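Chemist: Now for the letters of each chain:
Number of protein chains: 2
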Amino acid sequence: MPSVGVVGGGQLARMMVPPAIALGIDLRVLAESEGSSAAIAATAVGDYTDVETVLRFAEGLDVITFDHEHVPQAVLAALVEKGVAVRPGPEALAHSQDKLVMRARLEELGLPQPEWASISTSAQLGDFLDAHGGSAVVKTPRGGYDGKGVRVVRSAGEADDWLDVGAPLLVEQLVSFRRELAQLVARRPSGELVFWQVVETVQEGGVCSEVVAPAPGSDGRFGQVAAEIASGIAEGLDVTGVLAVELFETTDDRLLVNELAMRPHNSGHWTIDGSTTSQFEQHLRAVLDLPLGDTGLRDKWSVMVNILGGPATGSIAQRMPRAMADQPAVKLHEYGKEPRPGRKVGHVTASGDDLDDVVFRARAASAFFEN
Amino acid sequence: MPSVGVVGGGQLARMMVPPAIALGIDLRVLAESEGSSAAIAATAVGDYTDVETVLRFAEGLDVITFDHEHVPQAVLAALVEKGVAVRPGPEALAHSQDKLVMRARLEELGLPQPEWASISTSAQLGDFLDAHGGSAVVKTPRGGYDGKGVRVVRSAGEADDWLDVGAPLLVEQLVSFRRELAQLVARRPSGELVFWQVVETVQEGGVCSEVVAPAPGSDGRFGQVAAEIASGIAEGLDVTGVLAVELFETTDDRLLVNELAMRPHNSGHWTIDGSTTSQFEQHLRAVLDLPLGDTGLRDKWSVMVNILGGPATGSIAQRMPRAMADQPAVKLHEYGKEPRPGRKVGHVTASGDDLDDVVFRARAASAFFEN
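As given, the protein sequences belong to chains A and B, one line each in that order.
Taking this note's numbering, the leading residue of the first sequence gets 40, the next gets one more, and so forth.
Taking this note's numbering, the leading residue of the second sequence gets 40, the next gets one more, and so forth.
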C-alpha cells in the first residue's frame, strides 16, 4: 500500500482522506494539535518546525507532502538528506514560501506579472510610488495568507512598521483588474502535467469567498493563456503535486500572476464535486508519481461558496438540517473547525447547467451556516 | 457533532467514511478484527454477537447502524432497551436476517414475489417440485450471501443435508427471468423516502459483477413499478436508512422481489460517482434523520464493475498505475482487503453519454486488477 505523509492537519489534509480511502493509500498526517481538522488521519501530533519530529513522522513513508507552505527549509533539507521523497521539493517550495524569490524567478522565466521591487527603506517605497502613479501594494515576503501581510499604500511611510523588522519587503504595482482568476494544474515527477479549466475567484477582504468554474468566457484565449502561464511555472519551478496560480485579468486584457500555492487550494475545492478527478485525488496521484486523472467538468457550471466564520450562534451541525432540506442537491463540506469570525470552516458546491441558478443555490446553502 | 456507530468493519463501513468527513459526522466503527477494511474509523475491535461489547461501543453515540445484517436480535434488543437508536430497527432487520420472515411479510403486504413455501422434509420439497415443473430454488433462511446458502434442486432429496440441520428451509419457484434489477431507496424515521433510478445487475456465480445505472429501458413502466415495490417494502417493514430490493424482471414482464438488504448495497456503489448523493451519504443522513439528498444522475450512464478476487500475483497497488494510465476518467475504489478468489476487493465506475463506451471503459479498468 503506497503511503503519503502530510505535514499539517488543516482542511486540505482532511479533504485528502476520501481519495486516499478510494485509492487504498495509507495517508498519515502530522497535525499541529489534537482535534485538528484532519484528526481522523493524524498519526502524529507535533511541531513541524522541529527536525526530529518531522523525521520521526517520515519514517516508513513513501513521500512527504504538505497542507501548508510553512515547513522551514532546514527541515525540508533534513528530510531530503535522509532520502525521503519530498513533493513538491524544497527548491520549488522556496518560491511559495518567499514572494520575493517567486517574483525574481518568474521574471527570469519571462512570465507576466505586476511590476515589482524589493525594498528595504521608505525612500525606495517612495520611488516606487512615484513611478507607479502614487499607489502600490506592499507585501511581507513570508508567512502571509488570506489577506494577511498585504497592504495597499499611498505614501512612503505607510510600511515603516514592517520595514523596522529589518527584512526586505515586496512592493507591487496596484493592478487595475477586471476580475481574479485561478489556474489549477497538477504535475508529477515524471513530467506529466494536466490542467483543470481556469476559474473565477471572488475575494472578500482578502479572503476567497466564491469560485465559479469554469470562469465565464474563458473557453477562448484567456483559458489558453492561463494554462500556458501555469504550465510555465510548474515546469520552470519543477513543481510536483497540485499548483494553483492566482491571476489578475487586467482591464487592458492581460493575465498577470498574483500568487502561487503548491498544494491543493481553495480555488480548486469545486473539483471534489465538479470534476472527474478532484484536486485532492490528483495531488495524491501526483506526489506518488501515479498517472494523473481526467480533469474534465462533471457539469457545465460549478460554484463553490466558502462558509466564512460559521454560525454566530449554535454549531454547523445544528444548521445542517435546514440547509439540507432547502438545497438537497448542494454538496456540503464541513472542516471540523470551531466557528470564529473570518475563519474558513466549510464550503458548499452547487452544479448545473444554468449559472444563475447554480450561484443562487450555492449562496442559499452557505447562508444557512452564517450569522 | 452528530455521531454514528457502524457495527462491522467491511467495505460498506469504509465507504461511509468519506461522506462522514464531508458532513462533519463522527463515524465510529466496531470492527471484527484489526486491519479491517474500515480500519481508519475503527474505534473498537470486538465480537458483535457479544452484548457487552456492543453496548460499550454504543456509549455516547447518537445512532447505531450496520455494515452487515448479522447482529443477533438479542444484541439489538439490548441496545434498544438501553435507549440507543438502532436504525434500521430490530423488527425491520428481522426481515433481512431471515428469508422466511421476509417472504411471509411480503405476502401479507401483497407485494409481488416468486411462489414460495417453508419446508421441513424432503416430502414437502417433493410436493413443491411437483407443483412447479420439477425445479426450484432452496435457500437457508439465515446467513446466506453472495450465492452461499442457495441451491437449485430438481429432486426431493437434494436438500437433505440442509434439512438434517433441523431448521425449516425456504423453497422458491425457479423464476424464468430476462434480467435482474435492483431498486435502491432511502427512508428516514420521520418518513421521508427517496429513490434512485432502478439499475440492472449482472451476477456471476451468485456474486454481483456489474451494475448498469439506470437499467436500460427503465424510464417507462418498469422504473415506476420497481419504485412502488421498494416503497411498499420500506414503509411496510418500517425500514430506516438505505434499502436495496433485488428484483427479477421475468420473461412474462413482471417484477418479483428476490432479496432485500437494509444497508448500502453493492448495487448502489455506482452512486458514489454517478449520483448527486451517494448511497453512503444518504444512509448517514437517513439514520441521523437528516433531510435526504438529491438522487439525480450525474451522467446519462454509469457502470460499476466489481473487482472480484483481485490480482493473482502482486497487489492492487501494483496494478494501479497501468489502470490509471489506460483509463484516466474511471474512478477506482479499493477496499483494503487481501486478494482471495471470488472476494470483492474493490470496484470501478465509469460514466458518460454512450453506454457501450462506458461499459468498455469500466471493464477495461477492472481487468487490470484481475488475473
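Derived by calculation from the structure, the hints in this document are not laboratory data.
Model, not experiment: these values are computed from the prediction.
C-beta: ideal position from N, C-alpha, C; glycine also.
Worth double-checking, as some hints may not be accurate.
[To be verified] Per the computed footprint, the stretches of chain B lying under chain A, defined by three or more beta-carbons under 8 Å from a beta-carbon of chain A, are: (1) 43–57; (2) 61–75; (3) 320–332; (4) 359–365; (5) 369–380.
Chemist: Hint by hint, note whether the structure agrees.
Modeler: The hints, checked one at a time:
no.	hint	verdict
1	43–57	holds (count 4)
2	61–75	holds (count 3)
3	320–332	holds (count 5)
4	359–365	holds (count 4)
5	369–380	holds (count 6)
Checked against the numbered hints given earlier, this structure breaks none of them.
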